[in-house]
Amino acid sequence: MKEKFFWRMLGGVRKILRGQGSNAWTIPVLFSVVLHTILVIGLFMIMPSSEERTINPTPSFVSARMVTLEPEAKPKAKPKPARKVAPKPKPVKAAPVKKAPPKPKVDKKSIALKRRQETERKQQEREKLRKEQERLDELQKQREQEMLAALAREQQARMQAEQLKGDQVAVATYAGVIKNLVESLWSRPASAKRGMKATFRIKMLPTGEVISISMISSSGNGAFDRSALQAIEKAQPFREIQHLESRLFDRDFREFRFVFDPRDLLK
Amino acid sequence: MRMLARSVRFALFGYLLLLVSLARAELTIEITQGNDQAVPVAVVPFSWNGKGVLPEDIAGIVGNDLRLSGQFAPLPNNQFLGFPSKDDEVYFGDWKRLGASYLVVGQVTEQPNNRYKVNYELFDVLGKKSVVRGEVSGNRNQLRSVAHNISDAVYQKITGVQGVFSTRIVYVVAKRYSIDRTDYKLVYADMDGYRAVPVLQSKEPILAPSWSPDGRKLAYVSFETGRPAIYIQELATGRRERISSFRGLNSAPKWSPDGKKIAMVLSKSGNPDIYVLDLATRTLTQVTRHFAMDNEPAWMPNGKSLVFTSNRGGSAQLYEVTLANGGVKRLTFEGRFNARARVFPDGKSLAFIHKGKGDESYNVAVQELGTGRMRILSSSPFEDAPDVSPNGRMLIYSAQGGGQGVLGIISADGRISFRLPSSEGDVREPAWSPFLQ
Amino acid sequence: MKFAHIAKGVATGLAVLWLAGCASNTQTSGSGAESGEVAGGHQTAAVTTPLVDPAVQAVIDSGKVNGSAEQIANLLKQDTVHFGFDSDKLSSNDIKALDVQAAYLTSPAGLNSKLVVEGHTDERGTRTYNLALGERRAKAVKSYLALKGISASRVEVVSYGFEKPVDPAHNDTAWAKNRRAVIVPVEG
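Chains as they are written, first to last, in my numbering: chain A, 278 to 544; chain B, 644 to 1080; chain C, 5 to 192.
The hints are simulated quantities; they were obtained by calculation from the structure and are not laboratory data. Every residue gets a Cβ at the ideal spot worked out from N, C-alpha and C, and that includes glycine. The reader is advised that the hints may include incorrect statements.
Stated by the list, open to error - Taking CB as the label site, the calculated pair distances span:
| hint | chain 1 | residue 1 | chain 2 | residue 2 | range |
| --- | --- | --- | --- | --- | --- |
| 1 | B | 673 | A | 486 | 41 to 49 Å |
| 2 | C | 178 | B | 721 | 40 to 48 Å |
| 3 | B | 823 | C | 86 | 18 to 26 Å |
| 4 | B | 965 | A | 470 | 22 to 30 Å |
| 5 | B | 673 | C | 178 | 55 to 63 Å |
| 6 | C | 174 | B | 1014 | 31 to 39 Å |
| 7 | C | 174 | B | 988 | 29 to 37 Å |
What the hints assert, rightly or not - Listed next, the stretches of chain B that the computed footprint assigns to chain A, with coverage defined by at least 3 CB atoms under 8 Å from CB atoms of chain A:
| hint | region |
| --- | --- |
| 8 | 678-684 |
| 9 | 763-777 |
What the hints assert, rightly or not - Calculated cross-link-like contacts (lysine-lysine; reagent style DSSO-like; alpha-carbon spacing at most 27 Å):
| hint | chain 1 | residue 1 | chain 2 | residue 2 |
| --- | --- | --- | --- | --- |
| 10 | A | 456 | B | 772 |
| 11 | A | 544 | B | 800 |
| 12 | C | 100 | C | 81 |
| 13 | C | 152 | B | 911 |
| 14 | A | 480 | B | 771 |
| 15 | B | 991 | A | 544 |
| 16 | B | 800 | A | 511 |
| 17 | A | 511 | B | 911 |
| 18 | A | 511 | B | 771 |
| 19 | C | 93 | C | 118 |
| 20 | C | 100 | B | 846 |
| 21 | A | 544 | B | 972 |
| 22 | C | 81 | B | 911 |
| 23 | B | 760 | A | 474 |
| 24 | B | 739 | B | 772 |
| 25 | B | 991 | A | 470 |
| 26 | A | 480 | B | 772 |
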């Protein structure tokens, strides 16, 4: 089927080239060929760029890591040559300005005029060139500064992310310790079923002692709720929490929630 | 390579998002599984206000009931720091230190006319509060029932499931003197094995007792005429009726959930097949028709189909037959022998006897009907006749112990099993009553 | 109780009557110690033996089985056949015994007797499963006898499953003994 279609298409193209294609075929086939070409080119062009785009929302330390995985991505490579180019224009700019003045000094009247005109013209040109050069320099400088600023931002973001990541790992670790403790002591009643869910708000001291447990939402099964409460009571005090930075304790553990949601039971 | 890079990037991104979301909202710790160990409970000996000694150890019976369920671990009372019998005598800290999650206390008070009043209270030690209290009374002979009643109340409160401690069991005891002389008894007892009384005695085999769903009658097979026949006996009066004595087998009666029919095995037409007898009209309907041995019917809770044993596939396996159309579906595939099924009250699982490939022992197994997943619950060599408690949390079965048949009780998850005390003789063929009024 | 025993009992009774009638000597029967050796003799003590068991004679007379009188007497005594695990197949050894039984039951001597075939199993499996299996075994015997001309109405079948083990022990030897069918003549 596919092959047949392909040959017919080819035939159609040939007919068009020979100028004898039926009117019904010419336009759709051409249209289709053009569309496909655009699509194929587009795909080649878009694909890498779309990958780069996925990098953007992620913090820079991740994208930096990605570069090593992906040799094609060039976000790092570009700024580097730009920085190297920057010092070069300075000596170039100084040289022509110093060399120009000695020439106009040696002159006669008629020639002098011509020469003056000539000089003026040259000077104007030079001026133009200089201005162009300055403009370019300015642009270069601006770009450079932007680059540096971006680098600084990136650096800061990276540090922040590292900090954030460190915090999160610490919080997740202690949350995991508490989770395991409670799970190891939770004896579910015979009536417990998957889908039952009870939520509690806990107030805890930095010693790991739980000072209040309040039920935010019940599972609808008194025995289930009681078993969850008992599991918390049996597991506390969570003394391990004493090793957590107090900044993080205050932020996340002074008050937190337990959701009892058994996933290993039958419905 | 590119795909890998992309997926790695995606995973890292997801990880970060997770961490960030954790940072923003209030920290929530999800408890998604449990350990489900037996709940430690302290049952304090009940105080006694009366003359002489307390006729029954109520607390001892309650503690034993809770232990039998497999879901509780009663603490030995020699560890107790005090013996409270009322709420104002309870110090939660003491009991928490012992590791008790719950505490049961109570008092027995002697009353006129051989009556006893029993007050009890259940405490949540960790939550430091009373959960339930109650009063039950009875005469001297009813004190065990009173204790089972308290066990039921405590069990119900803590587990959210109706307790079965007030239910009964029947079983057969055989005492063999010689090949030609064996005495058989059909025995009625509390589910903990106590208060056993014979309801039928015979010199010929008795087997396969089945309860009527109202708990008032039994159907069973008796060989008292020298041939197997099926009888119905009313427990309160002892009145009996022979309902089936065809030529050949009259075996494995099983009362329907609505109490109106009895499924049974007859071989009157040559081969053992499943039949259903309508008790009101006495019409007999043949359910299976196969040259193999069809045997051991058990009703699904909706009364619309029967699970039965058949060796039609070469080995004994379980099948289900729909009564409306006779359609048969095979249920078990694992192992060389799967027989004598009993259906759990929720209709979702079967208990039966299983023998694996290359395995010489016959064990109680449970299979979930939905998934077909089977697990073997126990491991003694010759187990038989599993029956499910009416709340579906325990099973009773027979096993070999010291060369004799004994009864075992095992939690439905198979984690905890006990041997029931029994009278002298070879004990077998247990059947668990429904909930009784 | 068992078929062969009764047959022997009857035969012994007949022999005693015959001895009394002859009153030719005072020596008691050697109870078959040299049975079949002096088949035709009537004069000496030893000659009493061949007539001890008319059932054996009936089998021999039927011409349906080959073998010495001693072999036939032994086979006629074998009222029990054994089975393999979870099987109702008759072994070739047991078939020989059944052939002898059938020959007797179809002979004029045994023509009027009725019998019950009891089916038994070992303790492995469930009680109710074994009740059905025991019946299969008993029916295997009944079918074989039917094949040899004993009408179904003369043979009743009953299964005890493993309610009545010969050996109540829990081992292979006991199980092998317990997997059996027993032919029991109906009394009266």
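Those earlier numbered hints the structure runs against, lowest number first: 1, 17, 20, 22 and 23
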